[in-house]
Amino acid sequence: MQASPLTSAVLFHLGPVAITRPVVTTWAIMLGLAATCRAATRRLRPRPDSRQAVLEIIVTGIAGQIEDVIRKDARPFLPLLGTLFIFLVTANLSGLLPGVKAPTATIETPAALALIVFFSVHYFGIRSRGFRGYLASFAEPKLIMLPLNVLSEVTRTFSLMVRLFGNVMSGEFVIALVVALAGLFVPIPLMALEILVGLVQAYIFTILATVFIGAALGDAKAG
Amino acid sequence: MHLDGWTIALQIVNFAILVWLLHRFLYRPILSVIDARKVGVQRQYDDAAAAAEKAKAGLAAIEAQRAGIVAEREATLKAAQAQAQDAATARRTQAEREAQALLDATRRTLAEEREVALDEARRVALDLGAAFARRLLADVPMQLRAEAWIQRIEQHVNALPKPQIDALAGQLAGGGSLTVVTAAPLAPATSEDWRGRLRRLLGNGVAASFEVDPALIAGAELHFPAAVLSFSLRSALEAAQSEIGIHAHAH
Numbered sequence: 001m002q003a004s005p006l007t008s009a010v011l012f013h014l015g016p017v018a019i020t021r022p023v024v025t026t027w028a029i030m031l032g033l034a035a036t037c038r039a040a041t042r043r044l045r046p047r048p049d050s051r052q053a054v055l056e057i058i059v060t061g062i063a064g065q066i067e068d069v070i071r072k073d074a075r076p077f078l079p080l081l082g083t084l085f086i087f088l089v090t091a092n093l094s095g096l097l098p099g100v101k102a103p104t105a106t107i108e109t110p111a112a113l114a115l116i117v118f119f120s121v122h123y124f125g126i127r128s129r130g131f132r133g134y135l136a137s138f139a140e141p142k143l144i145m146l147p148l149n150v151l152s153e154v155t156r157t158f159s160l161m162v163r164l165f166g167n168v169m170s171g172e173f174v175i176a177l178v179v180a181l182a183g184l185f186v187p188i189p190l191m192a193l194e195i196l197v198g199l200v201q202a203y204i205f206t207i208l209a210t211v212f213i214g215a216a217l218g219d220a221k222a223g
Numbered sequence: 224m225h226l227d228g229w230t231i232a233l234q235i236v237n238f239a240i241l242v243w244l245l246h247r248f249l250y251r252p253i254l255s256v257i258d259a260r261k262v263g264v265q266r267q268y269d270d271a272a273a274a275a276e277k278a279k280a281g282l283a284a285i286e287a288q289r290a291g292i293v294a295e296r297e298a299t300l301k302a303a304q305a306q307a308q309d310a311a312t313a314r315r316t317q318a319e320r321e322a323q324a325l326l327d328a329t330r331r332t333l334a335e336e337r338e339v340a341l342d343e344a345r346r347v348a349l350d351l352g353a354a355f356a357r358r359l360l361a362d363v364p365m366q367l368r369a370e371a372w373i374q375r376i377e378q379h380v381n382a383l384p385k386p387q388i389d390a391l392a393g394q395l396a397g398g399g400s401l402t403v404v405t406a407a408p409l410a411p412a413t414s415e416d417w418r419g420r421l422r423r424l425l426g427n428g429v430a431a432s433f434e435v436d437p438a439l440i441a442g443a444e445l446h447f448p449a450a451v452l453s454f455s456l457r458s459a460l461e462a463a464q465s466e467i468g469i470h471a472h473a474h
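Going line by line, the protein sequences match chains A and B.
Residues 1 to 223 in the numbering used here are what the first sequence spells out, letter by letter.
Residues 224 to 474 in the numbering used here are what the second sequence spells out, letter by letter.
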């Protein structure tokens, strides 16, 4: 019996490691995405068909969004940010499937993604500016801003996590409550809204991560 | 709220693996085919640009060739015009020369014909004059004509210098004979009178004989062995003819 709806249910253990439902769901998502991409990109041709055209639109669209924000070549950042967006879209919308709970509706998955963004920002910032230059950027525009900048690094990462978790989790709670109270088909409009929320939250999370990385690179301002 | 550290760690690993998987199966193939397409498009652009450059170069070559053809045509036309002008000038010069030659020849012919006509007219005039003279003399009595002729001879001989008279007399002194040719026969008395008067002129040893030559028209001639003194109208006409340039014509 689950003690709290906010707690991840442990499905089984691998030695000392407890394998929770979000992890298993994530594995399924990974498997599905990998298999889909593998199948979709098996026979690519210079003259694309409709399937290949959709894939190219997705990839070039994400790359275009990244370039619009960071004003640099998007390719070094495409694997991280593109995967972040695709995974978030898939994970957020997976909660609409019967019997499936979105991994992002539990706090561990947004926390993991926020940590990845947090460390990626510092990685790309140090790689772009150098260690000293990146550290010096925390004292900009004035030295007095150093504590606030350091604090903002933590708080914005925390806000990333909480925003994603809160929106997805609350949407699922609302749908579950409406299903429990009103019946099977009543929450359909809410589920449609949840699709929109899932897409928007994926976009917001990815764009904010892009903005943070762009700011760390030094050529873009965080919004 | 409880945060499961193992779940967070597993999700981080899962996401890292997903990044690798999508990079392997999505981004890299898609970006590769896009890059290949860009390379192909760029190659087509380059080929098109090269073709355009080649076409431009070909056009420039054709323009240059056309300009050369125009220049060559101009030069050919100019040369043809010069050649035609030279030929026309040569033909005109030749025609002018031939016309001048024809004109000269015509002028010469006209001059010759005019000269011949003039000679003929003069000859006719002289003949007519001679005929008139013969007719008029025929009306004069022979004795008067003979007297006139001998007086003429006497005036001429008397006017000669002495050495010439001696030379003429010397021709007769060595047995030479003096022949007196008259246009009409003299009467015997007149002949005797002439012999006497000739002896007085040329010396007593002169033996004159008389002959008649109607071609003399009028007057007489003294035929010495080495000289002839002519006092005839024929000789006067011949002198007149030579003076006015009439060539001698055989009658």
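Don't read these hints as lab results, they were simulated from the structure.
Ideal Cβ positions, reconstructed from N, Cα and C, are used throughout, including at glycine.
Please note that the accuracy of each hint is not assured.
[Claimed, not checked] Distance windows between CB atoms, simulated: (1) A:46 / B:284: 52 to 62 angstroms; (2) B:258 / A:129: 49 to 59 angstroms; (3) B:267 / A:130: 33 to 43 angstroms; (4) B:258 / A:130: 25 to 35 angstroms; (5) B:259 / A:183: 30 to 40 angstroms; (6) B:267 / A:151: 49 to 59 angstroms; (7) B:258 / A:203: 24 to 34 angstroms; (8) A:182 / B:259: 53 to 63 angstroms.
[Said to hold, decoys possible] Computed far set for chain B versus chain A, every beta-carbon distance over 12 angstroms: (9) 240; (10) 256; (11) 452.
Hint-by-hint comparison with the structure:
{"no.": "1", "hint": "A:46 / B:284: 52 to 62 angstroms", "in the structure": "violated (36 angstroms)"}
{"no.": "2", "hint": "B:258 / A:129: 49 to 59 angstroms", "in the structure": "violated (29 angstroms)"}
{"no.": "3", "hint": "B:267 / A:130: 33 to 43 angstroms", "in the structure": "holds (42 angstroms)"}
{"no.": "4", "hint": "B:258 / A:130: 25 to 35 angstroms", "in the structure": "holds (30 angstroms)"}
{"no.": "5", "hint": "B:259 / A:183: 30 to 40 angstroms", "in the structure": "violated (54 angstroms)"}
{"no.": "6", "hint": "B:267 / A:151: 49 to 59 angstroms", "in the structure": "holds (55 angstroms)"}
{"no.": "7", "hint": "B:258 / A:203: 24 to 34 angstroms", "in the structure": "holds (27 angstroms)"}
{"no.": "8", "hint": "A:182 / B:259: 53 to 63 angstroms", "in the structure": "holds (54 angstroms)"}
{"no.": "9", "hint": "240", "in the structure": "violated (7 angstroms)"}
{"no.": "10", "hint": "256", "in the structure": "violated (4 angstroms)"}
{"no.": "11", "hint": "452", "in the structure": "holds (142 angstroms)"}
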